[in-house]
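Asks: So the chains spell out like this:
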Amino acid sequence: GAGVSQSPSNKVTEKGKDVELRCDPISGHTALYWYRQRLGQGLEFLIYFQGNSAPDKSGLPSDRFSAERTGESVSTLTIQRTQQEDSAVYLCASRGTGASEQYFGPGTRLTVT
Amino acid sequence: QQQVKQSPQSLIVQKGGISIINCAYENTAFDYFPWYQQFPGKGPALLIAIRPDVSEKKEGRFTISFNKSAKQFSLHIMDSQPGDSATYFCAARPNTGTASKLTFGTGTRLQVTL
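Protein sequence lines, in the order shown, are assigned to chains A and B.
Sequential numbering from 1 applies to the first sequence in our numbering.
Sequential numbering from 1 applies to the second sequence in our numbering.
Please keep in mind that the hints were generated in silico from the structure rather than gathered at the bench.
Just so you know, nobody snuck in bad clues.
In silico EDC-like pairs for lysine to aspartate or glutamate, Cα to Cα no more than 16 Å straight-line:
hint	chain 1	residue 1	chain 2	residue 2
1	B	K5	A	E44
2	B	K101	A	E101
3	B	K101	A	E44
4	B	K68	B	D31
From the structure, some residues in chain B lie toward chain A, with a derived Cβ separation under 10 Å:
hint	residue
5	V4
6	P34
7	Y36
8	G41
9	K42
10	G43
11	L46
12	R93
13	S100
14	K101
15	F104
16	G105
Built from N, CA and C at the ideal position, the CB exists for glycine as well.
Same shape as in the complex, but just chain B:
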């Protein structure tokens, strides 16, 4: 049973546009929600993360929006650039501390065109 559902599977955005990737979860024990960026041939790298005590977190062009009641969170990439073309994974971890394992979404392949 997939605990974190991610959509869309793939996304094409023009340079300068906004890329939006959505994730939904069911486990109310989740309390840490990171997004990872993965380039071909590389391991995933942490991009930005949020905890449920805030509804939004922004770091540069990247913003996480979090809706606790709907159990949804999304990644927004503003002014998308060709260098942002990568696969993005959302993830979630329960509130039993850092020892808990992450549950990942299935990934979104983003392509930013010129």
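Chain A with its partners taken away, still in its complex shape:
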């Protein structure tokens, strides 16, 4: 079946603009994660959704960042009033119930000019 997909693959935006990044998880996967990967660095956890439970937002760096997920489907990560330090690859991963492995999408490369 299809893997995790993300769109757009690349996004260039001006400082101060809002952006929306989309993640389509693997069908049936109840858990969904967002990570940020800055150039040459590891993955930084942002937010985690598990079914209908309240999301774990402990990794969001500021209140400019938010994410939504409807049920067990698509998720969107929104960054308001983008700053140059927001430039990074934003990765989404999904995981099946009871499984350990997270499956990653290809990421969205965000460049804030």
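Starting from the structure of chain A, add chain B where the hints point.
Replies: Below, chain B without anything else, positioned relative to chain A:
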């Protein structure tokens, strides 16, 4: 505070050689230790994972060695091939179940030369 320290940052190995990447952690609640492989422009993909009840796990040319007392684990790539050239991340997750988030190391860029 970085909870998983990974070294080296980059590594060059000749074809056929052994690539070794090391990670150390401090949180004794970690109980799942995966390694991810990432090619340019792609998302990370799970390569191999270990739990602390064993000291070693081997899958093909890839082996994880785990030292619980030292709180260290390492990835060994035997007979390294140019196709292994990628960035490798170690990670760890606490024993509160699969719901917990992974903490990643900073990555090692491996280049295997001919």
